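Participant: Protein sequence lines, in the order shown, are assigned to chains E and B. With the working numbering, the residue at position 47 of the first sequence is 47, and numbering never jumps. With the working numbering, the residue at position 4 of the second sequence is 4, and numbering never jumps.
No lab work stands behind these hints: they were computed from the structure. This one's a predicted model, so the numbers in the text were calculated from it and none came from an experiment. Among the hints, erroneous ones may be present.
[Unchecked claim] Which residues of chain E face chain B? A partial, calculated answer using Cβ under 8 Å:
1. R49
2. K67
3. A69
4. I70
5. E72
6. H90
7. N116
8. A162
9. F164
10. A188
11. A194
12. L198
13. Q201
14. V202
15. D225
[Said to hold, decoys possible] Per label pair, the in silico range of CB-to-CB distance:
16. S139(B) with N65(E): 35 to 43 Å
17. I204(E) with I137(B): 36 to 44 Å
18. P112(E) with T136(B): 35 to 43 Å
19. I70(E) with R82(B): 53 to 61 Å
20. G89(B) with L113(E): 32 to 40 Å
21. A12(E) with C135(B): 47 to 55 Å
22. P2(B) with A52(E): 52 to 60 Å
23. T38(B) with A51(E): 43 to 51 Å
24. T38(B) with L182(E): 37 to 45 Å
25. P89(E) with T77(B): 39 to 47 Å
26. S152(B) with F55(E): 43 to 51 Å
27. R54(E) with S152(B): 48 to 56 Å
28. I137(B) with V57(E): 23 to 31 Å
Don't be surprised by glycine CBs; every beta carbon is placed ideally from N, CA and C.
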Amino acid sequence: MTATASFRPVIAHSQPSNDTPSYGSTRLRHPIHAPLRIPQTLTETRGPRFAADRFGVLTDLSVTNGKPAIGERIIIRGRVVDEEDRPVPHTMIEIWQAAGRYAHPGDQLDAPLDPNFHGGGRVFSDGDGWYQFTTIKPGAYPWGNHHNAWRPHHIHYSLFGAGFAQRVVTQMYFPGDPLLALDPIFLAVPDQVARERLIAQVDIDITAPGRALGYRFDIILRGRDATPTEKV
Amino acid sequence: MPVATANQTIGPYWHLIEDPAWADLTRFGAEGDKIVLTGSVVDGAGAPVADAAIEIWQASPDVSETFPGFGRCRTDTAGSFRFVTMKPGSLPGLGNAAQAPHVAVSIFARGLLRALTTRLYFQDEKLNETDPVLCTIESDARRRTLIARKVSSDTWHLDIRLQGADETVFTEV
């Protein structure tokens with residue numbers, strides 16, 4: 001059997017280290033041993049497939065049971081591609097966020113919870129890798145990492161891609177947010193260019209006039225070598 | 001050439017996307033012998049990791065209409081998780097090496113800026129002795145961190161330790 005083409009190596013400094021002391025929760029959770037580098041076999045090069053009829057789509061987080069959520073309605077649109085700029089079609093994208101605080105029992109922040117905003121969604125990229133959803137702009141958020149710590153405005157993303165080694169869980173940030181310069185999670189990405197690509201950009205062409213400001217956020221998954229290099 | 005998007009932690013509130021049904025990979029009607037995979041996750045102080053998302057993925061048996069090959073389960077207050085799935089078979093590895101039956105396991109949690117990935121192997125599988133991944137781990141004790149112990153006729157259990165003397169072997173590709 002011929003292997004599916006292998007994934008390219010991860011580029012140094014483009015990914016955060018789990019050993020990041022400025023983010024306190026890493027202290028007892030990061031492994032001490034270096035990871036074991038293993039060959040890319042079918043387990044790594046193949047991946048799950050999700051169909052929209054079994055994994056229900058929710059593309060508008062700004063409305064619940066026909067009732068609009070309170071806040072600044074926004075549209076986020078972007079393209080999922082790989083490192084060779086090839087579109088990643090029909091891939092599942094999970095998103096979740098707080099508006100004021102998270103609709104989650106673990107979040108005890110003293111802030112109101114909007115009954116019309118749940119904060120979780122799921123969309124699929126189209127045949128050319130494009131995705132879009134509508135939501136409420138998230139707020140800045142206090143957390144216990146250090147004295148007077150505030151998370152920047154952010155939306156969580158989870159993507160699967162076509163092979164398990166493409167899996168990525170990340171966060172999208174907003175342009176001009178002064179909290180980015182103070183956030184140990186954002187700053188944990190060593191390379192500045194890689195870090196700043198986590199920031200969406202206002203895009204007037206995505207904007208729905210009179211209704212919702214538009215943002216562009218593209219996601220790049222690990223690329224595959226052009227031709228299979230291994231027989232398995 | 002653009003570089004792949006950086007990972008960021010899944011955080012403590014990923015349950016907004018949780019569907020507990022995903023822990024049963026046989027829910028679409030897969031036929032055959034079902035197995036149960038249980039486990040626990042503890043941190044470097046031995047405390048349960050109670051807010052993690054555990055994901056499993058297996059390329060065997062083949063993904064089909066009735067078997068997604070993928071599951072997700074939260075850890076509970078004891079750091080425990082439980083999946084129902086199908087027993088994987090052997091898979092070809094590089095060269096002529098047969099890989100022992102295994103399941104890929106990923107751990108996402110607050111405090112992990114990138115997922116930790118590892119493999120779950122099954123106790124008493126003959127192929128474990130020649131598996132090309134297991135054989136690259138020199139220490140017996142380290143190798144054993146990947147091998148789930150059989151606790152009943154259809155149930156295997158794996159304890160995962162994120163940090164410390166008996167730390168699990170984590171992988172990267």
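Participant: Determine for every hint whether it applies to the structure shown.
Facilitator: Do the hints match the structure? See the list:
1. R49: holds (6 Å)
2. K67: Violated: closest Cβ of chain B sits about 19 Å from K67(E), beyond 8 Å.
3. A69: Hint on A69(E): violated, closest Cβ of chain B at ~14 Å, above 8 Å.
4. I70: violated (18 Å)
5. E72: With Cβ-Cβ at 19 Å, over 8 Å, it is violated.
6. H90: violated (15 Å)
7. N116: violated (15 Å)
8. A162: With a minimum Cβ separation of about 12 Å from chain B (threshold 8 Å), the hint on A162(E) is violated.
9. F164: holds (5 Å)
10. A188: holds (5 Å)
11. A194: A194(E) check passes; min Cβ-Cβ to chain B is 5 Å, inside 8 Å.
12. L198: holds (6 Å)
13. Q201: violated (15 Å)
14. V202: violated (19 Å)
15. D225: violated (13 Å)
16. S139(B) with N65(E): 35 to 43 Å: violated (56 Å)
17. I204(E) with I137(B): 36 to 44 Å: At 54 Å between Cβs, range violated.
18. P112(E) with T136(B): 35 to 43 Å: violated (54 Å)
19. I70(E) with R82(B): 53 to 61 Å: Once the Cβ atoms are compared, 38 Å apart, the range 53 to 61 Å for R82(B) and I70(E) is violated.
20. G89(B) with L113(E): 32 to 40 Å: Taking Cβ atoms as reference, G89(B) and L113(E) lie about 48 Å apart, which means the hint is violated.
21. A12(E) with C135(B): 47 to 55 Å: Given range 47 to 55 Å: violated, Cβ gap about 28 Å.
22. P2(B) with A52(E): 52 to 60 Å: With a Cβ separation near 27 Å, P2(B) and A52(E) fall outside 52 to 60 Å, so the hint is violated.
23. T38(B) with A51(E): 43 to 51 Å: violated (28 Å)
24. T38(B) with L182(E): 37 to 45 Å: holds (41 Å)
25. P89(E) with T77(B): 39 to 47 Å: Given range 39 to 47 Å: holds, Cβ gap about 40 Å.
26. S152(B) with F55(E): 43 to 51 Å: violated (31 Å)
27. R54(E) with S152(B): 48 to 56 Å: violated (30 Å)
28. I137(B) with V57(E): 23 to 31 Å: Distance hint for I137(B), V57(E) is violated at roughly 42 Å.
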